[in-house]
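Enquirer: Produce the entire structure from the sequences given, and follow the hints as far as they go.
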Amino acid sequence: MSIETWLAFFVACWLISLSPGAGAVASMASGMNYGFARGYWNALGLQLALVLQIVIVAAGVGALLATSALAFALIKWFGVLYLLYLAIRQWRAPAQTMTLEHRPIGRPLSLVLRGFVINFSNPKAIIFILAVLPQFLDPGRPMLMQYLIMAVTMVAVDLVVMAGYTGLAAKALRLLNSPQQQRLLNRSFGVMFGVAAGLLATVRRV
1 MSIETWLAFF
11 VACWLISLSP
21 GAGAVASMAS
31 GMNYGFARGY
41 WNALGLQLAL
51 VLQIVIVAAG
61 VGALLATSAL
71 AFALIKWFGV
81 LYLLYLAIRQ
91 WRAPAQTMTL
101 EHRPIGRPLS
111 LVLRGFVINF
121 SNPKAIIFIL
131 AVLPQFLDPG
141 RPMLMQYLIM
151 AVTMVAVDLV
161 VMAGYTGLAA
171 KALRLLNSPQ
181 QQRLLNRSFG
191 VMFGVAAGLL
201 ATVRRV
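Those letters in the sequence shown? Residues 1 to 206, per UniProt numbering, in order.
Note that these hints are calculated values from the structure, not bench results.
By construction, the Cβ of each residue, glycine as well, lies at the ideal position given by its N, Cα and C atoms.
Hints may be right or wrong, so weigh each one.
Label pairs and their in silico Cβ distance ranges [to be verified]: (1) Gly167 x Ser19: 14 to 20 Å; (2) Ala131 x Ser188: 31 to 37 Å; (3) Asp138 x Ser188: 26 to 32 Å.
Expert: Take a look at the structure:
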């Protein structure tokens, strides 16, 4: 992969990561609920799913999933149901005064798993990777090394972007002075998860 191709891919990664989606909503919700240090574990789960999706595409399985209506539907509707579950859970979260000393701790493994499921249960992501990555591949060079460079680049960029989403939401903890404000924020994130579920439900196989 030439430096020019890599730079073009690097720019594309920023545009992809900055576009709002379920991962961004999950990162903001985690930062709001648990603060940056704990909430950022969610981003690790998102990246584990991204790496697995790239491996699937590189192995050629992505093409099979892209053409299998059943596999696409199963993954998609699992993702829709999971996002709806998160929406209901966030909406019904108890209101309490959120301060830096009294916020929930959050278990890292649970947050990693949540991020993984959110990212991996979006079949459109695999198809998107299947459509985008080959455009930057040089057939005359080793494929494995090129996929490795792309994976590292995508993960590094997404970690930075999700750190921004998580950190900005964590900063908002300082603005929460009452249970009423916390209830409003919980329901706002509940609505965002619901919207993400609705958008995923409209996705169709190309």
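Enquirer: None of the hints should be skipped; say for each whether it holds.
Expert: Okay, the hints, checked on the actual structure:
1. About 18 Å separates the C-beta atoms of Gly167 and Ser19, a value consistent with the hinted range of 14 to 20 Å.
2. Between Ala131 and Ser188 the beta carbons are some 33 Å apart, a value that agrees with the proposed interval 31 to 37 Å.
3. Checked against the hint of 26 to 32 Å, the C-beta distance between Asp138 and Ser188 comes to roughly 45 Å, which is inconsistent with it.
When each numbered hint is compared with the structure, a violation occurs for hint 3 only.
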